[in-house]
Amino acid sequence: MTDKAEGTLLYLDGVNKAFDGFKAINNLSLVLAPGEMRAIIGPNGAGKTTMMDIITGKTKPDTGDVLFEGSTDLTRLDEAKIANLGIGRKFQKPTVFESHTVEDNIVLALKAKRGAFATLFHQTTRAEAARVDELLATTRLTDKRKMLAARLSHGQKQWLEIGMLLAQEPRLLLVDEPAAGMTDAETAETAILLREIAKTQSVVVVEHDMTFVRDLGVKVTVLHEGTVLAEGSLDAVSSNPKVVEVYLGR
Amino acid sequence: MRALTVLVTALWLMLSAALAPTAAAATAIADPDLSRLVNQLAEGGFDEVEAAIGALVATGDDRVSSILDKLGSGDLFVRKADRVVVLTEAAGRELKLTDPVTGADLGMVPKAAVEKIRVNNRLRRTVAAAIGTLTLRSDDPAVRRSAAEAVMKSKDASAIPALDAAIAAEPDEGVKGVMIAARATAVMASDLPEADKLAAVETIGDLGTRDALAMLTSYTGLEGPVGEAARKAATSIESGLLLWDAAQNISYGISLGSVLLLAAIGLAITFGVMGVINMAHGEMVMIGAYTTFVVQEIIRTSAPGLFDYSLLIALPLAFLVSGGIGVLIERSVIRWLYGRPLETLLATWGVSLILQQAVRTIFGAQNREVGNPSWMSGSFMVGELSITWSRLWIIVFSLVVFAGLMLVLKRTTFGLQTRAVTQNRSMASAMGIRTPWVDAFTFGLGSGIAGIAGVALSQIGNVSPNLGQGYIIDSFMVVVFGGVGNLWGTLVGAMTLGIANKLMEPYAGAVLGKILLLVFIILFIQKRPRGLFALKGRAIEA
Amino acid sequence: MTTERSTAGQTRATRSLMGALAFSLLSATGLSGAAAQEDTIKVGVLHSLSGTMAISETTLKDTVLYLIDEQNKKGGVLGKKLEAVVVDPASDWPLFAEKARELIEKEKVSVVFGCWTSVSRKSVLPVFKELNSILFYPVQYEGEESERNVFYTGAAPNQQAIPAVDYLAAEEGVERWVLAGTDYVYPRTTNKILEAYLLAKGVAPEDIMINYTPFGHSDWQTIVADIKKFGSAGKKTAVVSTINGDANVPFYKELGNQGIKAEDIPVVAFSVGEEELAGLDTAPLVGHLAAWNYFQSVDAEVNATFIEGWQAYTKNDKRVTNDPMEAHYIGFNMWVKAVEAAGSVEPDMVIDSLIGVSVPNLSGGYSAMMPNHHITKPVLIGEIQADGQFEIVSQTAGLVVGDEWSDYLEGSKDLIADWRKPLSCGNFNVVTGKCGG
Amino acid sequence: MITGFLLNGFDTRARIVVAILIAIALLVPAANLMLPPDHPLHVPTYLVTLMGKYFAYALLALAVDLVWGYCGILSLGHSAFFALGGYAMGMYLMRQIGTRGVYADPILPDFMVFLNWKELPWFWYGFDMFWFAALMVVLVPGAIAFVFGWFAFRSRVTGVYLSIITQALTYALLLAFFRNDMGFGGNNGLTDFKDILGYNVQADTTRATLFALTVLFLALFFFIASAITRSKLGKVLVGVRDAESRTRFLGYRVENYKLFVWTLSAMMAGVAGALYVPQVGIINPSEFAPANSIEAVIWVAVGGRGTLVGPIVGAITVNFGKTWFTGVLPEFWLFALGALFIVVTLFLPKGIVGTVQAFWANRRRPAAPASLAPEPAE
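Chains as they are written, first to last, in the numbering used here: chain A, 1 to 250; chain B, 251 to 792; chain C, 793 to 1229; chain D, 1230 to 1607.
FYI, nobody ran anything at the bench for these hints, they're computed from the structure. Careful: at least some of the hints might be erroneous.
Said to hold, decoys possible - Here are the computed distance ranges between Cβ atoms for each label pair:
id, chain 1, residue 1, chain 2, residue 2, range
1, D, Gly1427, C, Thr832, 40 to 46 Å
2, B, Leu773, C, Ile1184, 52 to 58 Å
3, B, Ser582, C, Ala1096, 47 to 53 Å
4, B, Glu547, D, Met1411, 39 to 45 Å
5, B, Gly477, C, Asp958, 30 to 36 Å
6, B, Ser582, A, Lys242, 56 to 62 Å
7, B, Gly471, D, Phe1361, 43 to 49 Å
8, B, Asp281, C, Lys865, 33 to 39 Å
For clarity, every value in this text was computed on a predicted model and none was experimentally measured. Even for Gly, the Cβ is constructed at its ideal location relative to N, Cα and C.
Turn these sequences into a full structure, and let the hints steer you where they fit.
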């Protein structure tokens, strides 16, 4: 099996997960090449978030392989380990450290030793400071750096979270509905930002907003009832009768 | 012991008389003689009184048993002036005296003019035995049975003839059985030949009860075949009792479990369902208990006849009082704290301090007496399993309460709304449910149920301002162990902890048992971080 | 009076807490200064009014207030009125020490009546020694102590336990014993003494069952069943209960429910008095016993007057009296008498003049303060009656002297206490002839 | 880098607080020992001991705040660590009594003699040496906390479940220590101490010294706590409190962070207990009572959780109130205390200090919000 996973960045095969009998993920298979950006769409309850949970180690699958870089078995690791492997995740509902300043949020996310004592005696280096400035710039939050995250707007929180994601310097980003609750302008901005990121890192975007997905202009996977329904360019999948049925319930 | 020999000879005289076919009825003797003997009851110490009882029994007069009965129950008095023994009857500030023998009216005297004839445990036993031998031939089978049982306890060899006579005449098989057993014990105490004793051992052994075992064990020490037989019989009984003991422990466990369930069930709502860390829960239980106390006080003073119904009357009242206070607390304090469970801990802690002190100020710090109605006192045997009525009723009651609560939460609109509000407050209110109203009444419901739990718990424990503190920790343990927000969890949790505790106690002792249980809970929570009946799925992950 | 002063002082203090603490010190000194010049004699009352021990101790607080009230009616002591200073140590042992200190050092009381549990006494002991004041301790306890500053008006084990056992053995022919108690020092010591005593009387070891339960133990099913089993071995069995106040109600309720009658297995208790019975339906308990130095039912003129006055004072004609109350009654009168003899409340003088003082007790006789700071008492044994009172079934011929160092315990059999000069020692070892063990 | 870490802690507020504490540690004993009793500024000894007790409580409160206020772990079992530390110290003091006990046994404490124990149980060995006892004061609570925490945090027991099992822990210890067979003096506990390091515990000078020590230890731990909370680790802790899963997805091993602060806090509590015992003169199992733990939590809440000054203020205020009420209105003090808790939770949800800070913060720059964090997720 690993030979099939050869050269892939993320490799899911025959993954199943059930909650009290309800099959959230049903024999799901998905392959992501290095440097690829993938949009995942699907109606509510299609299992998008559960899939993210499985990849990031929050939920253990009942059966199936989840491999990172063809070899590392993610099902054996916990969130922290997986994160340190270089998989960053952005939640559906933006979660930032509300009682920290924007700056501190980024600082906490910066790639660095994660051990308790390392952080206890940690002093911010010049390099780190520079990196923080840079990230604040990318996420358009420079002027808010001293503000408590709690006081940011919803959109700004989304961006801050993406910023924190970047600060981890992950090889794979899992982004859950980044455009949710954003103005059209913000949405467009976000799309640009993501494409920017995709140049250096692999990204998986889960999204409802079709226009946003179109803006991304990448390969699309349609999930339905925990399994892959269709895969291909947005136009291809949206003309797929099965997909149409699922969405328009015909 | 001198007294006992008196008793023996006396009995013998009387019985020889009694058994003579001509005098089937007991002999009646002249009043003055009897009165003289009766007056002896008031003279000297306990030994003398015992002798006097013997003398009285010797007369075999019908009236003796009733007089002794009065003596045993402490209703016999002596007139200080002339040391005459009398019966008294309160008549206003004075006492109306009657002659125990003739029943003649002896006029009125002030209370100070007479003094009670003191009896102690030993005299009560002697009296019981004497009455027993006297009433073996009573017309009432119940009386005969108790008489036989009394004789059995007294282990008095001299009673054998009387027993023989009684057995011969006994129509009722059940009573006869008791008499035969009684005779057997008497034989063991007597100096009859070995053969009789062996037979006796067999009869006793066949009973198979713990009492039988008790009788045998006093002879297992003997040499020779009798001791041998006794030992054999005893061991066979013991082995038979082993299973019963196990069953007994489990029954204790269930009963303890039901107590825990009662204590915890209200909390399962205020804490489990509403998420209020309700430190005042114990005080709600306490208030229920005090309501019971007040109800009983009123009944005692105004309508003593209703005493047996006092608990039934107290139940709804306790629910209303505790529930009302619950609503009050919710409206005044807790409603400001939703979504801040830790604050509720602090506030309710304050509330509990205030409630405790309030009760202390109103009722005093001492324990208050809450009596058991007749249908809740005493115990009965199922085989060798002794079950006390109060415990049994509490088990039944706790299950009824549980079922009722389930019904309310699952079948009524109120229950539906409660679940709606606790699961998604904003959505619920959006759908037009008046959340504040629901909150108040849910908390009231939880408190009210704590209140009726108090009614039940008042039957087995203290009624004092500290009552609540005794239950609060256990209640939290039960709810958390069972799984917060799951009533079934609370039920199973309570029973598991109760039974586990009682199965451990005989080996580990009361304290160690409890400690082990706590350690067990800690370890268990490691395995199931959300309790026995945890809600699974993505919902709780967020 | 007290209240006013302290309030004034404390509000200043509270403010100070927000800022620097210095103020509170100011105010506090203000207090202690003011406390000094008063034309009353201050009497400290150190009984828990809240927490677990409030059940027993509040009554004693009322008792002392009542006694002070009576004394003041008679014109006080040394021509001065007595003023009670009541504090609440809240059943919290360190708080006992803190409050004792407050009473003596800040309120400048001349004597303190207080404590119930041994641990509370142990906790205040160092304070009384250091500040050299006087404590009257009114509760039956395990003995093994005699301090210069403490006067023990409750019973020592030999004034309660042993006579009770003798009664049961002689009068009821008991041959088999269950020693059941709460797991703390008083029951442990008492049971140790009793065990030694019974063995000495030729009771077989297998005829003695010892059982300890935690404080406030509420589920007695198993233990009562065990007692029943133990009692059904053919020999006459009795239970000697040193179960602590709060656990008694469920214990007796369980006894009643499991149908153990006094005729079958009598229970003699050392910590159950009228007060505890008031919380119980005693009908099923008739015939169970208790051993005390006083019962409300004692037939004596002095007792009748005391009860009358007490019920009038508490405005409650159902309010019962009990043994520790009598202990305070005796102790208080002893203190008054000693103070008048010494003509001063100066602790050293009072402590010396207290020894040998003899005052009427409530059972019609006299109790005297012995050199070991324990008192002489009659020992009464009573059977519980349906009305919640006790009927006295036995009374020791003479008075029994409190024996502080039990002869039945390894460590203490060589010790004696005598606070008269020249010995003035609480633990004089007659073997080594040294004071201090 | 250690120095850097320490410098972190030494911000202005910390400087002020530490300065005040040191001042108290010096002035109060001075006012007690040097000034004549009739001097208006003289501090009577009972007040010194009393305040010593308060400051020991303050240290306990600080420990609770470190885990609750900064890491969202609500411990209802800190009195266990407090009491364990106290017992370790108590055992040393017991051994110091030597032949001055009523039975004059050179080795065995009195309670063992009259329970007819023949020789010293093994766990009493070494407690005749101060350094050993002092070590145990931190090691025993630390070890128990570490083991408990290692299991609990690894299996991700959180929120009220954790609170309740911490309560179960202290309750179990309470029952255990009540047993006389345990060899810790049962209900009577350890008492009648004679001297510590050769100084008479009753002596005014000793009392004053103990007081000073307590306050200085408080200052020290305040400083350490302030350094920790200001370090990156401190930020991570707050992160755990506010958004545990986010912290995990950033790659932090949350359980290790919790374990670190939990164990440290337990050790602080132990030290608090050790300082408390010689001043109040007794340690008994009731110190384990869950109610005490809850009270400690309440001190923190009253003073203001999530601030380091809060717990100190809270502990002192509440206990001062307790002392005052129990003296002034013995019959009704519980009403007052209960009311205090309700009022604080309803009207000062951020506690005294939290509210004051919020007030100032808003005064200075309206933009900035209260320093206090929103309620951690349960």
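*asked:* If you test the structure against every hint from before, which numbers come out violated?
replied: Numbers 7, 8 - these are the hints that the structure violates, sorted from lowest upward.
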